[in-house]
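Please take these sequences and the hints and turn them into a complete structure.
Below are the chains, spelled out letter by letter.
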Amino acid sequence: MSVEAPERAAGPNGVVGANATRVDGLALVRGEPVFTDDVHPEGMLWAKVLASPHAHARIVRVDAARALAHPGVVAVLWHADVKPILHTRAGQSWPEPSPYDTTVLPEKVRHVGDRVAVVAARTLRAAEEALALIDVEYALLPAILDPEEALRRTDVLIHEAPDPRGIGGGGRDNVAARIDIRVGDVEGALAAADLVVERVYHVPRVQASHLEPHVAIAWLDPDGRLVVKTSTQVPFHLRRILARVLEIPEARIRVIKPRVGGGFGDKQEMVIEDLVALLALRTGKPVRLEMTRAEELIAARHRHPQRITLTTGVMRDGRIVANRMAVLADTGAYGSHALTVQGNTGQKVLPLYPCPNLHFHVDCVYTNTPICGAFRGYGAPQGFFALESQVDVIARELGMDPLEVRRLNHIREGQTDPLSARLGEGKSGLVRVVRSSGLAEAITRGAEAIGWGRKRRPSAPHLRRGLGVALAMQGSGIAGVDWAAATVKLNDDGSVNLLVGATDIGQGSDTVLAQICAQTLGLPLSKVIVLSSDTDLTPFDVGAYASSTTYVSGGAVEKAARELRGQLAAILAGKWGCAAEAIAFADERARGPDGRSLSMREVALTALYEAKTQPAATASHMSNESPPPFAAQFADVEVDVETGEVFVRRFVSAVDCGVAINPQLTEGQIEGAVAQALGYALFEEVLIDDQGRVRNPNFLDYKIATAMDMPELVTLLVPAPEPTGPYGAKAAGEVPIDGPAPAILNAIADAVGVRITRLPATPERVWQALREKAKRDLASAS
Amino acid sequence: MKVELTVNGAPVAWEIAPGDRLLDSLRAHGCASVKRGCETGDCGCCTILLDGEPAASCVVATAAARGRNVVTLEGLRGDPLLARLQEAFLAEGAVQCGYCTPALLLVAWTLLQSGGPVDEATARHALSGSLCRCTGYVKPLRALLAVAGRPGAQLRGGRGENGLRGRPAAAPRGEERP
Ligand code: FES
Ligand code: FES
Numbered sequence: 001m002s003v004e005a006p007e008r009a010a011g012p013n014g015v016v017g018a019n020a021t022r023v024d025g026l027a028l029v030r031g032e033p034v035f036t037d038d039v040h041p042e043g044m045l046w047a048k049v050l051a052s053p054h055a056h057a058r059i060v061r062v063d064a065a066r067a068l069a070h071p072g073v074v075a076v077l078w079h080a081d082v083k084p085i086l087h088t089r090a091g092q093s094w095p096e097p098s099p100y101d102t103t104v105l106p107e108k109v110r111h112v113g114d115r116v117a118v119v120a121a122r123t124l125r126a127a128e129e130a131l132a133l134i135d136v137e138y139a140l141l142p143a144i145l146d147p148e149e150a151l152r153r154t155d156v157l158i159h160e161a162p163d164p165r166g167i168g169g170g171g172r173d174n175v176a177a178r179i180d181i182r183v184g185d186v187e188g189a190l191a192a193a194d195l196v197v198e199r200v201y202h203v204p205r206v207q208a209s210h211l212e213p214h215v216a217i218a219w220l221d222p223d224g225r226l227v228v229k230t231s232t233q234v235p236f237h238l239r240r241i242l243a244r245v246l247e248i249p250e251a252r253i254r255v256i257k258p259r260v261g262g263g264f265g266d267k268q269e270m271v272i273e274d275l276v277a278l279l280a281l282r283t284g285k286p287v288r289l290e291m292t293r294a295e296e297l298i299a300a301r302h303r304h305p306q307r308i309t310l311t312t313g314v315m316r317d318g319r320i321v322a323n324r325m326a327v328l329a330d331t332g333a334y335g336s337h338a339l340t341v342q343g344n345t346g347q348k349v350l351p352l353y354p355c356p357n358l359h360f361h362v363d364c365v366y367t368n369t370p371i372c373g374a375f376r377g378y379g380a381p382q383g384f385f386a387l388e389s390q391v392d393v394i395a396r397e398l399g400m401d402p403l404e405v406r407r408l409n410h411i412r413e414g415q416t417d418p419l420s421a422r423l424g425e426g427k428s429g430l431v432r433v434v435r436s437s438g439l440a441e442a443i444t445r446g447a448e449a450i451g452w453g454r455k456r457r458p459s460a461p462h463l464r465r466g467l468g469v470a471l472a473m474q475g476s477g478i479a480g481v482d483w484a485a486a487t488v489k490l491n492d493d494g495s496v497n498l499l500v501g502a503t504d505i506g507q508g509s510d511t512v513l514a515q516i517c518a519q520t521l522g523l524p525l526s527k528v529i530v531l532s533s534d535t536d537l538t539p540f541d542v543g544a545y546a547s548s549t550t551y552v553s554g555g556a557v558e559k560a561a562r563e564l565r566g567q568l569a570a571i572l573a574g575k576w577g578c579a580a581e582a583i584a585f586a587d588e589r590a591r592g593p594d595g596r597s598l599s600m601r602e603v604a605l606t607a608l609y610e611a612k613t614q615p616a617a618t619a620s621h622m623s624n625e626s627p628p629p630f631a632a633q634f635a636d637v638e639v640d641v642e643t644g645e646v647f648v649r650r651f652v653s654a655v656d657c658g659v660a661i662n663p664q665l666t667e668g669q670i671e672g673a674v675a676q677a678l679g680y681a682l683f684e685e686v687l688i689d690d691q692g693r694v695r696n697p698n699f700l701d702y703k704i705a706t707a708m709d710m711p712e713l714v715t716l717l718v719p720a721p722e723p724t725g726p727y728g729a730k731a732a733g734e735v736p737i738d739g740p741a742p743a744i745l746n747a748i749a750d751a752v753g754v755r756i757t758r759l760p761a762t763p764e765r766v767w768q769a770l771r772e773k774a775k776r777d778l779a780s781a782s
Numbered sequence: 001m002k003v004e005l006t007v008n009g010a011p012v013a014w015e016i017a018p019g020d021r022l023l024d025s026l027r028a029h030g031c032a033s034v035k036r037g038c039e040t041g042d043c044g045c046c047t048i049l050l051d052g053e054p055a056a057s058c059v060v061a062t063a064a065a066r067g068r069n070v071v072t073l074e075g076l077r078g079d080p081l082l083a084r085l086q087e088a089f090l091a092e093g094a095v096q097c098g099y100c101t102p103a104l105l106l107v108a109w110t111l112l113q114s115g116g117p118v119d120e121a122t123a124r125h126a127l128s129g130s131l132c133r134c135t136g137y138v139k140p141l142r143a144l145l146a147v148a149g150r151p152g153a154q155l156r157g158g159r160g161e162n163g164l165r166g167r168p169a170a171a172p173r174g175e176e177r178p
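Protein sequences appear in the order of chains A and B.
By my numbering, the letter at position 750 of the first sequence is numbered 750, and the numbering carries on one by one without gaps.
By my numbering, the letter at position 61 of the second sequence is numbered 61, and the numbering carries on one by one without gaps.
What the hints contain is simulated information worked out from the structure, not anything from laboratory work.
Some hints here could point you the wrong way.
To be verified - For the chain A half of the interface with chain B, some residues (derived, Cβ under 8 Å), not all of them:
#1 Phe35
#2 Arg125
#3 Leu419
#4 Arg649
#5 Gln676
For clarity, every value in this text was computed on a predicted model and none was experimentally measured.
Ideal placement from N, C-alpha and C gives every residue a C-beta, glycine not left out.
Okay, structure coming up:
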């Protein structure tokens, strides 16, 4: 598929670039029943999952007799009732780069919270009661909770041979995915460098914590087709995976995505839909399953925790000449996104500072802990924490301004990124050329906004103040893999239906895509009626992930709208006797070269009733490029030297996401990402005890930021128009989540002179580090 | 068992089971704006007004609401203050996924309805019991302050509790600017 040149300028219509109100906003502020669980079909059953209490055990026998005797219980299924078809629950393009290591109901549980059985009952209460009535006999197996141990041991295998398809270590060890890529001569360059800095960084397990839990309802329509209404980011991938595990053709399945209460990657996965689908097929009744918050924190997906060893060679003038990143990552019990998240930790991160010598190594292992998967940033927040901490260490050792080291080394327009060529979605990727970059300007404007280099006083005697910076880049979709389609259809009144597979999960893609459509057709936004993500009604889209929607789906919308415009121009050209190219569409009118014009309603009536044709177009779009958006983020923090508490006072994000189709929605993406990353930096961590149980499965113990926690946020859009993006757009959803943790930790180091290399920087950790520093200072003084 | 209460101005008599929570009862009776986010009283998505005060309906037994007055967002339809808040939320871009939105609107409405002075600190405090994972709270706060007569207010940030909710902050915010 060729990539046509997209429209460069927004032109006179002014819909692109405007802070248009969300197209779904009115229903949301009115609290209308627009989410999955808000409407229940007649006669619906309630499902519950019996979760494993053990980290690693074989299920010898399940006796459901007592549960089935419960008057409210309709069905109980366990592994003996379901054909074991290997698959991955990760919602990725086919063929998925994640290992096929999962069955619907496993014969062996691999983490506390893994599926043992599933119940359908007439009431939720009956389903809950039934769980206690299922008798399970387990044969306990030794559990591996620690990734280092998992890497060492081959006597205990979490996924044993015969080899489930696509596991990195072939099922002979506990390696789920392995990557090793070399560019240039790292050893030689390190030996020749003036300074070599090596540090080990640890990043924690965190959870997306979208407020709407995973929830799905499945039923059979009057023709016996399976309908699944679900809170998902990937309706089309989901339909394909369901077809595989249920052994029914895609044609017999319809997936509907209503409004979604946040996803952040955690819904880029079939977390529960197979269970409701299976129960609906078995019982013939509608079945609903919603996870509780505790289940979310235990059995949804976590961000992969990693240990990152970063070795950097630098010359005295600050030039980075070699980088070696060695990652040990924990994918938990199953390998969802194991290869690709970890691949991103290098691929999205190391190119920020192009240097000829790179070595990127990953061991991603299984452990008997909850499953890790996609979470906004997808490996990049981990890598950027290491890289951007490291740059500050280097600057300190060289006695340079950390901003100067970054300015000297960062990637620029016209440069290519050697890792992308070697690492795609698990196959070889495409060479990435930076065609647009506002990074230099973002650094300048962000530094100005935070007051870089200006000493400021702490607000109390026991506080110390510091400034920190971090840069980041991401991508816009997956080059050569992600693609999307859109259909535009004209109605009598000159309005259009825009049908997109793209998945609005709260980020506002329906609105942004409608803006692109309206702009291209010269219509006001109110004349674009959006329908998204219904596999029966809308064309395909890979879904909402990898920061792809505005860039990739937006490209499809722009093409479809242009095609429609071309159809209308052809009809009018025949009527007016002029060239089709000479007809312009703006302000809801079509204008001929001689000044003749028709309103869009008249154009529609002409097409529908005179030409007797339905103007409509479907277009597909794929890009072999994934232009990086850039961010420069700055933190102003105070550290309490008595308690180790860190207070972020002000946080500046200067972001180049290309032209913002809707600046207000873009700012919202940035502000929300900073809030999530603030937790990553300072207080979020899923804690696992020595039995593999999650210790903090609730919002009291797993903290996410409240309105009180948020500092003053300054958000600056620094657009560098992207020549390959619709109206110059790139992505915005993920890049702002990459920088806050390193920026805040760099600010802590600036304030109190201690470098915390393990997230989150809790008061205990900061206090401990302060104490050790005090001891060291004392020792060196004496 | 039967329980009688007032929901959105109308007396209702519901057949309930002992242990039913108000959140589930309300949702089962058409109040879809009351959302389930945690069921432990920690997220605020299920906020309602119970005798005029914001309360987490997931930790209220329906039986305990006997004889009491419950208002959800559905019950404020047509209220001019709510309408202004809804408009401000849309205009300021305070809605992303919208799952927290009914609760944020209700607590904002309660704050403004009380008639006291509203500034950033009171607004943050009012919203502090309601989690939002999407917005970082900037735009919801701006919307609230706009309706409170402070459009375009520059937000200075919260105290920074770092998830240590309920603990007093170590120090007041530094006010100086270089
Ligand atoms: S559902 Fe009630 S506070 Fe979270
Ligand atoms: S808008 Fe999504 S949780 Fe608040």
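Hints, verified against the model:
1. Because the closest C-beta pair between Phe35/A and chain B is about 7 Å apart, less than 8 Å, the hint holds.
2. The beta carbon of Arg125/A comes within 7 Å of a beta carbon in chain B, closer than 8 Å, and the hint placing it at the interface holds.
3. Because the closest C-beta pair between Leu419/A and chain B is about 31 Å apart, greater than 8 Å, the hint is violated.
4. Of the supplied interface hints, the one on Arg649/A holds, with its beta-carbon coming within about 6 Å of a beta-carbon of chain B, less than 8 Å.
5. Because the smallest distance between the Cβ of Gln676/A and any Cβ of chain B comes to about 7 Å, under 8 Å, the interface hint for this residue holds.
Figure legend: structure checked against the earlier numbered hints; the only hint not met is number 3.
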